[in-house]
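> Sequence:
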Amino acid sequence: MNSPSEPPPDIRIGTSGYDYPEWKGIFYPKALGRKEYLGAYSEAFGTLELDFPYYGTPKPGDLRELMARARKPMDFSIKANRALTHKIDPAAWKDGVDEFAKGIGPLHEAGRLCAVLLEFPSSFRYRDDERRYLDKALKALSAFPLVVEFRSAQWFNARVIDGLKERRVGLCSVDLPRLEGLPPLADLVTSDAAYVRFHGRNAAAWLSGDAGTRCEYLYSREELDAWVPRLEAMSTQAKTLRVYFNNHRRGDAAANARQLMALAAAAKLV
Numbered sequence: 001m002n003s004p005s006e007p008p009p010d011i012r013i014g015t016s017g018y019d020y021p022e023w024k025g026i027f028y029p030k031a032l033g034r035k036e037y038l039g040a041y042s043e044a045f046g047t048l049e050l051d052f053p054y055y056g057t058p059k060p061g062d063l064r065e066l067m068a069r070a071r072k073p074m075d076f077s078i079k080a081n082r083a084l085t086h087k088i089d090p091a092a093w094k095d096g097v098d099e100f101a102k103g104i105g106p107l108h109e110a111g112r113l114c115a116v117l118l119e120f121p122s123s124f125r126y127r128d129d130e131r132r133y134l135d136k137a138l139k140a141l142s143a144f145p146l147v148v149e150f151r152s153a154q155w156f157n158a159r160v161i162d163g164l165k166e167r168r169v170g171l172c173s174v175d176l177p178r179l180e181g182l183p184p185l186a187d188l189v190t191s192d193a194a195y196v197r198f199h200g201r202n203a204a205a206w207l208s209g210d211a212g213t214r215c216e217y218l219y220s221r222e223e224l225d226a227w228v229p230r231l232e233a234m235s236t237q238a239k240t241l242r243v244y245f246n247n248h249r250r251g252d253a254a255a256n257a258r259q260l261m262a263l264a265a266a267a268k269l270v
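First residue of the sequence shown? That's 1 in our numbering, and the numbers climb one at a time after it.
Keep in mind that the hints were calculated from the coordinates and are not lab data.
Check before you lean on any hint, since a few could be wrong.
[What the hints assert, rightly or not] Distance condition first, Cα-Cα at most 25 Å in a straight line; then the derived DSS-like pairs of lysine-lysine:
#	residue 1	residue 2
1	94	139
2	59	30
3	268	72
4	139	102
5	136	59
6	165	139
7	87	139
8	72	35
9	72	24
10	94	165
11	35	94
12	30	72
13	102	136
14	268	24
15	102	87
16	136	165
17	59	35
18	139	239
19	139	59
Predicted model only: the values in this text are computed from it and were never measured.
All chains should be modelled from the sequences, with the hints used to inform the complete structure.
What follows is the structure in C-alpha cells.
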C-alpha cells in the first residue's frame, strides 16, 4: 500500500490499438489522414496499448517513429509477440525473445514503456509444461516491466499469485463474459504496476469463437461506474495503474475510455 509520503499513483486510461479507419467520423475527424491518427489519439489519452507487435516483431525504427508522431506526452504498453504466448516453439522462442527485446528497446530506453503484456490463451493452462515455460519467459524478459494476462481460471491460485509477487510481475485484471473456465473478476495487484483490460461482455460471440465480434460490446455507464471503486482500491497498492479498452469495434473502446476517464475524474482518481 502506498504511504502518505509517496506520490499519488499514476493512473491512465486508453485503448488497445488506435489505427482503426472505422473510427473516422466517430473518434477521428473524417478528413484526418491515417498518419495523423496517433497525434490525435495522444490529445485524448495519455497511454496506449500497442497490439501490432503481437502479429509481427516491431523494428526499433518503427517505434522511434511512433513516439515522434505523438503530439502530447504519453506512454505505451506492448502486447508480446504471439510466438511467446500463443504459438510457442520450444526450439525457437528464446531467439524470439531476443528479437522482440531489441525491437522494443527504443521505448524502454526513452522511459515510455509502461508494460510488456503477455496475454496467454485459454488453452494455456496450469500444467507443469506451461508453468515451466512461464517461469523461463518471465526470466528472459525480466529487463522490462511485465504483466501477464491469463484466460484460464486455473491460474488464479495462491501459488501463482505469490510467485508473481516474488518476481514483481503484474497480473492483468480482465473484464469479460462471466463464463465457466474464464478468469474471475479480480482486483489483485502483484507488482508496482496495476493493469486492467476491458474485453466486453459479449458471451454469445465469445462462445462462438468468432474473433471478429468477440469484443463487440459497448459498456453502459452503470457497468463502468461499478469499476471506479475497484480502480481506487487497486491504485492504493500500485505506483501505476493502466486501463485499456479492447472493444474497438465501431469506436466503442474510445467512447468507453472517455466515459471511464470522466467517472474517474469525478471520483478524483485522475
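> Quick check: which numbered hints come out false for this structure?
2, 11 and 14
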